[in-house]
Amino acid sequence: MPGIVIVDLGTGNLRSVSRAAAHVCGGGDGDNGAVCVSAEPRVIAAAAHLILPGQGALGAWIERLNANPDLRAAVLGRLRAGPVLGICLGLQALYARSEENGGLPGLGLLDGSVKHFAAAHRRRCNGDGDGDGDGNSNSDGDNAAAGKTHAANPARLKIPHMGWNRVRRVREHPLWHGIEDGARFYFVHSYYVDAGARDEVAGESDYGVTFTAAAARANLFATQFHPEKSQQSGLRLLHNFVNWNGE
Amino acid sequence: MTLAKRIIPCLDVDRGRVVKGVQFVDIVDAGDPVEAARRYDAQGADEIAFLDITASSDARDTLVHVVEEVAGEVFIPLTVGGGIRALDDIHKLLRAGADKVSINTAAVARPELISEASAHFGSQCIVVALDAKRRGGDGAGDGAGDGNSNGAGDGDGNGDGDGDGDDAGDSGWEIHTHGGRQPTGIDAVEWAARMVELGAGELLVTSMDRDGTRDGFDLALTARIAEAVSVPVIASGGVGNLRHLADGILDGRADAVLAASIFHFGEYTVQQAKQYMASQGIEVRL
Numbered sequence: 001m002p003g004i005v006i007v008d009l010g011t012g013n014l015r016s017v018s019r020a021a022a023h024v025c026g027g028g029d030g031d032n033g034a035v036c037v038s039a040e041p042r043v044i045a046a047a048a049h050l051i052l053p054g055q056g057a058l059g060a061w062i063e064r065l066n067a068n069p070d071l072r073a074a075v076l077g078r079l080r081a082g083p084v085l086g087i088c089l090g091l092q093a094l095y096a097r098s099e100e101n102g103g104l105p106g107l108g109l110l111d112g113s114v115k116h117f118a119a120a121h122r123r124r125c126n127g128d129g130d131g132d133g134d135g136n137s138n139s140d141g142d143n144a145a146a147g148k149t150h151a152a153n154p155a156r157l158k159i160p161h162m163g164w165n166r167v168r169r170v171r172e173h174p175l176w177h178g179i180e181d182g183a184r185f186y187f188v189h190s191y192y193v194d195a196g197a198r199d200e201v202a203g204e205s206d207y208g209v210t211f212t213a214a215a216a217r218a219n220l221f222a223t224q225f226h227p228e229k230s231q232q233s234g235l236r237l238l239h240n241f242v243n244w245n246g247e
Numbered sequence: 001m002t003l004a005k006r007i008i009p010c011l012d013v014d015r016g017r018v019v020k021g022v023q024f025v026d027i028v029d030a031g032d033p034v035e036a037a038r039r040y041d042a043q044g045a046d047e048i049a050f051l052d053i054t055a056s057s058d059a060r061d062t063l064v065h066v067v068e069e070v071a072g073e074v075f076i077p078l079t080v081g082g083g084i085r086a087l088d089d090i091h092k093l094l095r096a097g098a099d100k101v102s103i104n105t106a107a108v109a110r111p112e113l114i115s116e117a118s119a120h121f122g123s124q125c126i127v128v129a130l131d132a133k134r135r136g137g138d139g140a141g142d143g144a145g146d147g148n149s150n151g152a153g154d155g156d157g158n159g160d161g162d163g164d165g166d167d168a169g170d171s172g173w174e175i176h177t178h179g180g181r182q183p184t185g186i187d188a189v190e191w192a193a194r195m196v197e198l199g200a201g202e203l204l205v206t207s208m209d210r211d212g213t214r215d216g217f218d219l220a221l222t223a224r225i226a227e228a229v230s231v232p233v234i235a236s237g238g239v240g241n242l243r244h245l246a247d248g249i250l251d252g253r254a255d256a257v258l259a260a261s262i263f264h265f266g267e268y269t270v271q272q273a274k275q276y277m278a279s280q281g282i283e284v285r286l
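The listed protein sequences derive, respectively, from chains A and B. All residue numbers for the first sequence refer to this note's numbering, where the first residue is 1 and numbers rise by one. All residue numbers for the second sequence refer to this note's numbering, where the first residue is 1 and numbers rise by one.
Rather than coming from a laboratory, the hints here were simulated on the basis of the structure. Only a predicted model underlies this, so the values are computations on that prediction, with no experimental measurement involved. Watch out, some of these pointers could steer you wrong.
The calculated lysine-lysine pairs, modelled on DSBU-like cross-linking and capped at a C-alpha distance of 35 Å, are [unchecked claim]:
#, chain 1, residue 1, chain 2, residue 2
1, A, Lys115, A, Lys158
2, B, Lys20, A, Lys158
3, A, Lys158, B, Lys92
4, B, Lys20, B, Lys92
5, B, Lys92, A, Lys115
Model the full structure from these sequences, guided by the hints.
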């Protein structure tokens with residue numbers, strides 16, 4: 001039975017995740033190095049290390065999970081014990097509620113909700129007394145003076161949040177081992193986690209609003225960013241995961 | 001603001017081999033896309049783009065194998081474009097390890113492909129590539145330079161805020177397909193907005209007037225589109241030096257800059273480009 005199992009809900013680039021996991025197993029310690037992508041409840045239930053990835057729409061992801069009760073039961077069972085790494089939707093799905101599609105129910109294992117960047121950016125803009133984001137962004141006509149001004153203007157923030165952003169350590173965790181505080185990871189998402197319990201936040205980032213970049217509770221660790229696409233820092237995090245016992 | 005602006009080296013691939021020549025000092029096989037990708041990754045590239053320029057469709061599957069191989073050892077995002085016509089082409093590339101696909105001609109031929117693709121795979125992996133050319137042909141005044149085009153960029157930005165309706169239809173740039181050879185009559189800014197509406201997660205904007213000239217991006221074009229859409233914009237076409245890359249961000253208002261020849265011919269490394277951009281106050285991943 002493979003040690004590392006990647007749950008296949010048919011979204012995202014699972015190949016990248018499995019390749020990166022296999023790459024960090026090359027060193028050989030901890031696991032037997034076998035990685036598989038599976039939607040088979042028996043395989044998922046028996047996984048030594050479970051990775052829950054996902055990209056795109058959370059609604060479709062949850063629907064696919066719910067459409068297969070045996071799979072859902074296996075995933076939920078496995079989330080209760082043994083090391084789990086959630087990636088992107090695999091983070092968002094752990095919370096109870098999402099703004100997507102007017103209030104989608106998640107798995108409810110962590111405390112908080114999933115929100116859209118656009119709403120957060122609008123709230124910031126309204127603080128300037130300028131309801132119209134566009135009007136605001138036009139005011140920086142003197143662009144010779146600066147990248148900084150318009151980069152800092154929330155009205156100009158593009159969605160999705162795409163690219164390399166800094167992750168601030170909120171608390172220590174075995175998965176951060178050997179990664180510097182403030183290291184950059186690759187993100188691509190339009191919804192973000194607004195955590196309800198501070199002690200479940202492992203790392204955070206800023207994009208017009210401060211959001212949860214990594215969450216941790218007991219055997220669960222989940223990232224909004226993509227470790228499989230985050231070069232050295234990401235590979236280090238995956239390496240730490242496959243060598244983690246979930247405690 | 002801590003999100004870094006991205007530098008994306010682009011590799012043109014024909015029948016599975018890099019063309020235009022990549023000249024790294026100690027590279028064994030300059031035509032091997034895997035080796036080139038590995039080198040750009042080591043230099044700190046934020047993403048790598050592959051553009052398949054293979055003319056015959058039967059040789060296209062070679063790129064899938066290239067992507068597979070690169071994805072096995074380069075752990076940064078990979079964007080692959082060229083000749084994508086259908087959902088099945090996208091599926092193959094994503095399954096091989098591409099993170100995003102860029103679609104150009106097929107989007108013009110059948111715009112619904114973009115909505116179908118984003119519904120199916122998620123808009124985060126659908127990049128629409130726009131090849132735009134100034135109307136009126138000779139591009140007079142281009143050479144007058146960056147100062148000039150900056151002014152135009154700002155003016156346009158203001159116009160947009162007031163109402164897209166007025167100027168939609170004639171921004172001054174027209175979409176071309178088939179590598180820039182075929183005019184479509186479609187206005188570039190209007191097209192950009194429509195593609196985002198249909199689900200494009202990012203736009204790759206190439207100036208056909210500047211591509212290959214090494215005179216710098218068409219900053220007015222880039223700024224105009226960056227102002228008009230809510231998604232990230234990649235500036236492309238015309239980079240000849242590091243100043244041009246910084247201009248693309250500061251004046252072109254792009255979120256990422258793409259370049260081929262300045263990196264291929266070993267004039268600059270990606271690392272040097274980033275250091276220069278950082279010296280200009282641009283947030284980069286060093």
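Okay, the hints, checked on the actual structure:
Taking the CA atoms of Lys115/A and Lys158/A, the gap is about 16 Å. The hint holds against a cut of 35 Å. Our distance criterion of 35 Å between C-alpha atoms is met by Lys20/B and Lys158/A, whose separation comes to about 33 Å. A threshold of 35 Å between alpha carbons decides the hint, and for Lys158/A with Lys92/B the separation of about 28 Å falls inside it, so the pair holds. Our distance criterion of 35 Å between C-alpha atoms is met by Lys20/B and Lys92/B, whose separation comes to about 26 Å.
A hinted pair counts as satisfied when its Cα atoms are at most 35 Å apart, and Lys92/B with Lys115/A qualifies at roughly 32 Å.
Hint compliance for this structure: no hint is broken.
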